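*Asks:* Order-wise, the sequence lines are chains W and C.
According to our numbering, the first sequence is numbered sequentially starting from 1215.
According to our numbering, the second sequence is numbered sequentially starting from 15.
Calculated directly from the structure, the hints in this document are not laboratory data.
Quantities reported herein were computed from a predicted structural model and do not represent experimental measurements.
Incorrect hints may have been included.
[Said to hold, decoys possible] Covered, in the sense of this in silico footprint (three residues per stretch, anywhere, with C-beta under 8 angstroms from a C-beta of chain W), are these stretches of chain C:
id: 1; region: 331 to 341
id: 2; region: 387 to 400
id: 3; region: 404 to 416
[Claimed, not checked] List time: in silico DSS-like cross-link candidates among lysine-lysine, alpha-carbon distance up to 27 angstroms:
id: 4; chain 1: C; residue 1: K345; chain 2: W; residue 2: K1297
id: 5; chain 1: C; residue 1: K370; chain 2: W; residue 2: K1297
id: 6; chain 1: W; residue 1: K1284; chain 2: W; residue 2: K1297
[Said to hold, decoys possible] If you want the ones that stay clear, here's a sample from chain W, every Cβ over 10 angstroms from chain C, calculated:
id: 7; residue: G1247
id: 8; residue: Q1249
id: 9; residue: Q1251
In this text, a Cβ means the ideal position worked out from N, Cα and C, and glycines have one as well.
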Amino acid sequence: MALKIEQGNDVTMIHILNDSVDAVSAREISAAGNQMQGTTVLDFGSVLFINSAGISALLKLVIEARKQGKKLFAVNVTAHHRKVFEMVDMLRYMPIAKPDDMLPLMKS
Amino acid sequence: MLDDLWNTPKKNKGLTDVRLYQLAVGLAIVTTLLAVGIALFPGNKTTPWTIWLQIGVAGLVFAFTVGGDNLTKQGKLDSRSWLILAGIICTIVFISSFFAGDYLNILLAPILVGVGQRRGDGRLIIYLSLSTAGLILLVHILFLLVGWQIPQSDEQGTIASIIALSGVGLSLATFLGTHFKLVETYREEAASKASEMEVAHDIQTSLMPPSEIVTGNWSMAARSIPARDVGGDFYEYIPYLDKGIGGIAIGDVAGKGIPAALQMAVVRTVFRIEARRRIFPAETLYSVNMALQAERSFGMVTMLYAFVDPATSTLHVANAGHNFPIILNGKMDEVRLPGLPLGIDDSVEYDERQMKIAPGTSVIFYTDGVVEAMDANGEMYGFENFRDAIMRYQNLEPRDMLDVLFKEISDFTQGAAQSDDITVLILQYARVESEEISPEDYGQKVDEMFASVNRVPHEEEPMLEGFEEESVNWI
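Turn these sequences into a full structure, and let the hints guide you.
*Replies:* Structure, rendered in C-alpha cells:
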C-alpha cells in the first residue's frame, strides 16, 4: 500500500509513502478520495518524483474534491514539485501548507 | 506422432535449440528400447508377474507422457482432462509400487515433469517432486509401523527406472521444445514490433515541423528527443514569424511511447484547426481543451501557445500547465502563467499575457523531460541547472544553444536511460531592427508566408480574415 490514511476531527491526512507518484500510486490516491473529509491534507514528504500520469490523477482528484466543497492542502512538497504544482495550477485547488499548521487540526 | 515430436521447434530457426531437442528425444527412444530389450532378453531369469506389472505400468506412463501431450496439441484432450488422467495414472503407479517394488515410484517423475511443463512453470516440477518424495516417505513409515512389507526391487527396478528416465527425457524435451517455440515467437514478435516502431518513428519525425526557421530578424530552432522510438512531446509552428503573425506551440502528452504518440497526433491536429480559427492563444487553448474533453479516455496534455505580433514586437502567451517559458535578455525572467493542463476539466478558461520583446531577446520553451532528466543515481537535472546553462550560453544562436544545452543534459545523465521525452524550442529576436509593416500589407505578406511553407492559402483560413480585423484594433 502506498498510502497511510489518518482520520481526525473532520480532517483526513493522506501520507503518500511511495517515493514516486505514477499512474499506479495515483490510482490508489484517487481511490482514497472517498475517505476525504471536509479538510484533506496530502503529505508528499516521501515523494521524490511525480510523473505526468501522477500529476494528471492528482489534478483530477483535487478538482473533483473542490467541486464537492472539500478543502485540500499539500504538505512537505519539494521546491521542484512546488513549481510543477504552480505550473499546472494545482495550487489554486490545493494550496501548500506548513505541516505544523495542519497538525492542530487533526488533534482538535 | 514422432514426426510431430521431432519437429516441435522450427527447424529453420534456432539450430542449436533444435539439435538439443532432437538429442533429448533420441535419447528417450533409445533408453526405452534398451529397457524393453533387457526385460525380454531370452537369457533373463524367468520373469515373475511383478516385472510384467512394472513394464505394464511403465508402458502406460510412457504412452501417457508421449500420447497425452500429442492429444493435447491436437485439441483432443483439454488441460483439465489431462490433469485428471495424470492423477489416475499417478495413483496406479503409487498403488502398484506396493506390490511390484518401490522403485516403480520413479515413474511418477515424467508425469510430474509434464504437469510443470503444462503450467509453464519449472519451479512447479521441483515442488511436486519434493511433495511426492515426502508422500512416499510418509507411506513407507506408515507401512513400516503397521508391518506391511513392500517388495524390494532388484533388476526389475532398473528396468522401470530406465523407462521412467526415458519418460522424463521426453517430457523435458517437450518442455524445452515448447519453451524454444515460445522464445522464437517472442523473438519474431519483438522483431516485428521493432520494425513497426521504426516506421512509427520515421512517420512521427516526418510529421514534425522543420527544426530550424530563420525569417528576417526572427529565428527559431527546436529539438525533440523521445524517450522511446516515438514520444508525446511536440512543437508546432503556425506560419509565419517574420513580417506577420507567427504562432509557436509546445506540448507534452502524459505518458510515453505509442499511446502518447497517438494522443499527440490528435492534439496537434485539433490545435492546427483551432489555431487557424482564432488568433488569441487563450481562446485557442480553450477550444482545444473543449475538443479534447469530447474525446473519451483522453489523458492530460500540457501545452503552451504563443504568438508574435512583429508590428509591435509583442509576445502573446497562454499556458495550459506547461513549463513556464524563459525570457532571456541579459537577465532571465520566467513567464509565470499557471493554467490547468488540457483534458482535465471542461470548465477552465485560460489567462493570456502580453509582453514586449526587445531585440536581442531569446525565449526558451521546454518540456518537463529537460528538468526531470535523471542520472543513474536518480538525481534530477532540475530547474537550477537548466537556468544556469541558459545564462551561460545566452549569446549563442538558437541552434548552437540547443547543441550545448542537450550536451549539458547528456553530460549530466551520463548515459542513464532517458525517462521522458525532451524537447526544447528557442525563439530569438535578433538585435537588428525589424522592418516596419503597415496593416494594409498584412494580407499580402501572409499570402507570401503561407506560400513559402506550402500550406493552405488564406482564402480557406478563417483565422487570417479575423487576423486582419484584429490587427487593426491592436495598432
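*Asks:* If a hint holds in the structure, say so; if it doesn't, say that too.
*Replies:* Comparing the hints with the structure gives:
no.	hint	in the structure
1	331 to 341	holds (count 5)
2	387 to 400	holds (count 4)
3	404 to 416	violated (count 0)
4	C/K345 to W/K1297	holds (20 angstroms)
5	C/K370 to W/K1297	holds (25 angstroms)
6	W/K1284 to W/K1297	holds (23 angstroms)
7	G1247	holds (15 angstroms)
8	Q1249	holds (22 angstroms)
9	Q1251	holds (23 angstroms)
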